[in-house]
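K.L.:
Residue numbers (my numbering), protein chains in the order written: chain A, 946 to 1278; chain B, 169 to 444.
The hints are simulated quantities; they were obtained by calculation from the structure and are not laboratory data.
Possibly wrong hints are sitting among the right ones.
Said to hold, decoys possible - A short, non-exhaustive set of chain A residues, derived as facing chain B with CB atoms under 8 Å:
hint, residue
1, Arg978
2, Met1020
3, Arg1022
4, Val1048
5, Trp1058
6, Ser1064
7, Val1071
The beta-carbon is built from N, C-alpha and C at its ideal position, and this holds for glycine as well.
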Amino acid sequence: MTENVITMAGVTKVYEQWQRSGRTGDIWRNILRPERRIVAALDDISFSVAKGEFVAYAGPNGAGKSTTMKLLAGMLRPNEGTVSVLALSPQKDRVALMKRVGVLFGNRSELWWDHPIASSFEWKRVVWGIPQDRFQHTRDMVVEMLDIGGLMKTFARELSLGQRMRADLALMLLHDPEVILLDEPTLGLDVVAKRQMIEFLKQLNRRKGTTVLVTSHDMDDLEEMAQRIMLISDGKLAFDGSFADLRKQTGNVCRITLTADSSAHQSELGRLVSSGTGIYEYEVNTAETSMQDVLGKIATLTGVTDIEIRRAPIEQIIAGLYSEWRNGSDCAK
Amino acid sequence: MRKVLELYAMYARLDLAWFLKDTKICLMAITADFISNIAAVTGIFLLAYRFDGVGGMDKYEVLFMLGYVTAITGIVQAFFNFNVCHISRRIGRGQLEHMLIQPLPLWVQLLTEGFIPFSGTSNLLSGFIVMIIAVRSLAYAVTPIWLLHLALHLLISTIIVLSLNYLFSSLAFYAPSQAEEISTYVRNSSHNLSTYPLSGMSLAVQIPLLSVFPAGLMGWFPSLALLSEAPLGLPPLYPILVAFLLVLLAARVFSRGYGHYLTSGSPRYSAVGHRR
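Let the sequences and hints guide you as you build the complete structure.
P.N.:
Written out as structure tokens, the structure reads:
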């Protein structure tokens, strides 16, 4: 039986927001009868993550991703429900849990700003009480895997964002955590730095079996990294499954690009997404029209010099879903 | 306890590395700090010198009190730096979350994280030098027991300073933006009040400053208790009682605020001042 290392059962997290009209005339009303708005960041969420899984946790802005991460890291208490990580309660067993869990928020750094990276590593060794031999071994491994050997004597404030993120990731891994929680780890990184980060996380998950829960707005990154995706919308779990299932659910849309003369423009392959200088891009839902039919139609066209068929970017699929959810919730209101 | 000492040693090493990074500039900064600390207490001493004492306090007793106040500031600076004393800044900026991901109880982190024994000792040094000058001028016979009393009073006064700061800083749990700097205002006002000799002032001034807002226990009361006799007929160790009550109150209010923080979360985050 697969062992679950992260479990959330019936978790609800509610925030209160003070409302202000901003009008001077409302001063007394704001003092005597302030208006409050209750926002359900998470609404009866339940899920579990098995040991060794690499799970993407996504959703539109304000959907509750960071709230979930903070609940799992013991930075927040749920209003209802139970949270468990490695069979420990993040709220009650914070100290014991933090020895076994790694937490990284993309927009925050744990590095000592005015010290070389090596000093931050030493700080981590003492605070986490990592035995010297284990520390040396893990340090050598992460330094090599993240290619930061040349940065060890550099002050954190002198690093580029990509270097800083790699150093922060290395720092987070020094105590060899069994579970890592990453909130937007690729935020602001350029293409090269992002690739290094993704490759490293995949390697870590494969080689060491570390359980990873990661949030990001970059869906293509998530699809490349994770085996499973959980989508939340308005505090509710809207989808939980593989990326392939997600594509199926949204109709297995694919993109066909034809390089041809103008006759291709009149074809009825699917929805024409873009056209220009003899290149036509169509969107085809293979759940509605089989690929065989599509290829048959292309075969009847004259003047086609090149064909490219690819899956629709996951980014586009999810954007469609977000917009569907938004419209749905607007209708509900 | 072993862990606490290990952490103190590590933070001392980090501070030394920071100090040695640019020793010349660092020494210049410490010297400037030293001169400004002496200058800050000179005004009151000159008044005491001109009028040969204040409200029954000898001019050198006033000088001792000023040295004591400076030493307290020095202890806070050397042991609770880096926004540990000014905890409202960490709370208000959402930086407490950095502490929550460390596998250490919060109190251990607060006790050790602000230790900067090399770059933060200018106030402590100037305070001790001023106290030594005052004691020599008073021709006071210093005994080991008296030194122990001095150490105890310094400890109690430091606890009072920190408790007061943590008590008011707890407001930042509820109003992070508005109360982010509250600790600075509390510390500045308590420090400024503590440099005035309260001898000769009315009870209406003395009693509140020995109880409700105990700035009098950060310099005036302990100095008199150490050099002659405790004022208002109170027992010399009266500050222990106030410190005890203040610690209880601050701990209660702070832990309630912390509970609110865990329930409501931090609506803002700023990296300003996080990590040196």
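K.L.:
Does the nearest C-beta of chain B fall within a distance shorter than 8 Å of the C-beta of serine 1064 of chain A?
P.N.:
Cβ of serine 1064 of chain A sits 6 Å from chain B, so the hint holds.
K.L.:
Take the shortest C-beta to C-beta distance between arginine 978 of chain A and chain B; is it under 8 Å?
P.N.:
violated, 19 Å
K.L.:
Min Cβ distance, methionine 1020 of chain A to chain B: is it shorter than 8 Å?
P.N.:
holds, 5 Å
K.L.:
Measuring from the C-beta of valine 1048 of chain A to each C-beta in chain B, is the shortest one below 8 Å?
P.N.:
With a minimum Cβ separation of about 5 Å from chain B (threshold 8 Å), the hint on valine 1048 of chain A holds.
K.L.:
Would you settle whether the hint for tryptophan 1058 of chain A is holds or violated, based on the nearest Cβ-Cβ distance to chain B being less than 8 Å?
P.N.:
holds, 5 Å
K.L.:
Next item in the hint list is valine 1071 of chain A. Is there a CB on chain B closer than 8 Å to its CB?
P.N.:
holds, 4 Å
K.L.:
Does arginine 1022 of chain A pass the interface hint, meaning its C-beta sits closer than 8 Å to a C-beta of chain B?
P.N.:
holds, 5 Å
In summary, the structure is inconsistent with hint 1 from the numbered list given earlier, while agreeing with all the others.
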